[in-house]
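In terms of my numbering, the sequence shown is residues 1 to 373.
I should point out that these hints are in silico values taken from the structure, not numbers from a laboratory. Hints are supplied without guarantee of correctness; some may be wrong.
[As the list claims (entries may be wrong)] List time: in silico DSSO-like cross-link candidates among lysine-lysine, alpha-carbon distance up to 27 angstroms:
id, residue 1, residue 2
1, K142, K111
2, K205, K111
3, K195, K316
4, K167, K188
5, K355, K339
6, K219, K347
7, K142, K116
[To be verified] Here are the computed distance ranges between Cβ atoms for each label pair:
id, residue 1, residue 2, range
8, Y144, L238, 48 to 58 angstroms
9, K364, K112, 46 to 56 angstroms
10, K219, G21, 27 to 37 angstroms
11, R285, N141, 37 to 47 angstroms
12, N89, I234, 42 to 52 angstroms
13, G286, T7, 17 to 27 angstroms
14, N141, A284, 24 to 34 angstroms
15, N155, K214, 55 to 65 angstroms
16, N71, L186, 30 to 40 angstroms
17, I148, K364, 42 to 52 angstroms
18, N89, S203, 29 to 39 angstroms
19, S203, K319, 23 to 33 angstroms
20, F235, N141, 42 to 52 angstroms
21, K112, N256, 51 to 61 angstroms
Glycine included, each C-beta is placed from N, C-alpha and C at the ideal position.
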Amino acid sequence: MSFKSNTGTIIDRAINELRTGRPLIIQNNKEYWMFFNIEHSQSKIFNQFNKHLIDEKYLLITKQKAQSIFNKNIKSNIYFEINPKTDVNQIINLFVNPLSNNKVIKFTNIKKFKAKNFHNVCIDLSKNAKMIPSLVFKKINKKYYKNINEFGFKNGILIFDYKDLLKQNELICESIKLVSSAKVPLPKNENSNFKIFKSYIGSDKHVAIIVNPKKINKKSVNLRIHSACFTGDIFHSLKCDCGEQLNQSINYMVRNNGGIILYLEQEGRGIGLANKMRAYSLQARGMDTIDADHNIGFLDDERDFNIAARILKLLKINKVNLITNNKNKINSIKKAGIKVENQINTKPTLNKFNKNYFKTRVKKAGYGLKLVV
């Protein structure tokens with residue numbers, strides 16, 4: 001049996017290297033660059049490799065983060081040189097701790113460069129690791145290129161050709177497989193079946209909860225695509241309606257020919273729990289839910305609904321009645337090859353903690369609700 005790496009394995013290793021705080025060496029044609037995710041970058045790490053790296057340090061950020069910093073309509077991910085007089089630890093604190101004083105570092109008179117493919121794959125890796133999508137990087141001194149593999153091995157740093165990292169989301173989706181299933185009785189449906197799916201790239205786990213399996217109308221299945229929400233589903237947070245939507249969906253399925261809940265590991269619209277808390281801290285300062293995500297470096301919605309479509313196809317389902325208030329979700333699942341016969345709305349309970357959240361979702365994110373606040 002061979003354990004030789006294929007492209008999927010290479011991507012999985014790169015994601016996990018970043019997630020665990022180790023740097024990556026990225027090969028771009030005949031050049032080699034060392035990348036550190038901003039969450040794990042420290043001055044002492046750079047000092048450790050000083051003799052191997054050229055002096056210039058660069059900061060790589062997403063288009064959304066750049067717009068937040070520079071207050072300009074920037075159209076691509078960018079990078080720029082970090083002033084040698086600037087303490088890297090200050091930049092790290094500014095990015096990792098959203099409540100840092102933004103006036104500590106002035107991002108003025110900076111020459112910006114459009115990110116290239118080998119930069120963008122590192123941003124994608126950070127997102128798939130559920131980390132802040134910002135990285136500090138330096139070029140490795142050319143005199144070490146000849147023995148680059150020995151350098152990587154000696155220092156425990158993996159080397160990746162950026163071309164092997166280009167199709168991350170596509171391969172993550174394709175790697176999803178059913179790994180286990182069992183009957184789990186629910187209060188209103190004792191015959192529910194839980195099916196666990198795993199992505200073998202990145203290791204995310206997703207659950208298909210089959211409600212009333214014997215009653216399901218396979219011609220058009222009632223479906224709720226539900227992103228995991230630790231705060232709302234478990235602790236009934238008043239900042240969102242996630243727990244409500246989940247319970248309303250199950251109740252609807254119990255009464256109406258069963259259905260499927262796809263419970264996806266896409267916390268915080270795909271940014272992960274830690275980043276969701278960072279966004280919450282920015283919302284407490286007055287930002288709306290979309291602008292807060294942009295400030296950290298994320299899109300309006302980072303979820304890949306091709307994952308939901310992949311699981312549905314594994315379950316041999318291609319036509320659904322979708323329980324959602326989100327028109328963008330309907331469009332995304334249609335683009336992924338699933339026919340949406342009907343939209344079924346849920347009814348959120350508005351309160352002083354979530355009313356701005358809903359106003360923003362209606363205004364900016366395709367939420368089809370008529371709000372009376």
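Legend entry - Range hint 42 to 52 angstroms (beta carbons of N89 and I234) holds or violated: Violated - the Cβ-Cβ distance for N89 and I234, about 35 angstroms, lies outside 42 to 52 angstroms.
Legend entry - Pair hint K167 and K188, alpha-carbon separation not exceeding 27 angstroms: Violated, because 42 angstroms separates the two Cα atoms, which is more than 27 angstroms.
Legend entry - Status of the given 29 to 39 angstroms range, CB of S203 versus CB of N89: The hinted range 29 to 39 angstroms holds for N89 and S203, with Cβ atoms some 30 angstroms apart.
Legend entry - Range hint 17 to 27 angstroms (beta carbons of G286 and T7) holds or violated: violated, 44 angstroms
Legend entry - Given pair status - K339, K355, alpha carbons within 27 angstroms: violated, 32 angstroms
Legend entry - Distance restraint evaluation - R285, N141, Cβ atoms, bounds 37 to 47 angstroms: holds, 42 angstroms
Inset, instruction - Take the C-beta atom of K364 and the C-beta atom of K112, compute their distance, and say whether it sits inside 46 to 56 angstroms. - result: At roughly 26 angstroms between Cβ atoms, K112 and K364 fall outside 46 to 56 angstroms, so the hint is violated.
Inset, instruction - Look at the Cβ atoms of N141 and A284 and judge whether their distance stays inside 24 to 34 angstroms. - result: Because 45 angstroms falls outside the window, the suggested range is violated.
Legend entry - N155 paired with K214, Cβ distance criterion 55 to 65 angstroms: holds, 58 angstroms
Inset, instruction - Take the C-beta atom of N71 and the C-beta atom of L186, compute their distance, and say whether it sits inside 30 to 40 angstroms. - result: violated, 49 angstroms
Inset, instruction - Sort out whether K111 lies within 27 angstroms of K142, counting only the CA atoms. - result: holds, 25 angstroms
Inset, instruction - Compare the distance between the alpha carbons of K195 and K316 with 27 angstroms, and conclude whether the hinted pair is satisfied. - result: Roughly 14 angstroms separates the two Cα atoms, so the pair holds.
The structure fails to meet hints 2, 4, 5, 9, 10, 12, 13, 14, 16 from the earlier list, while all remaining hints are met.
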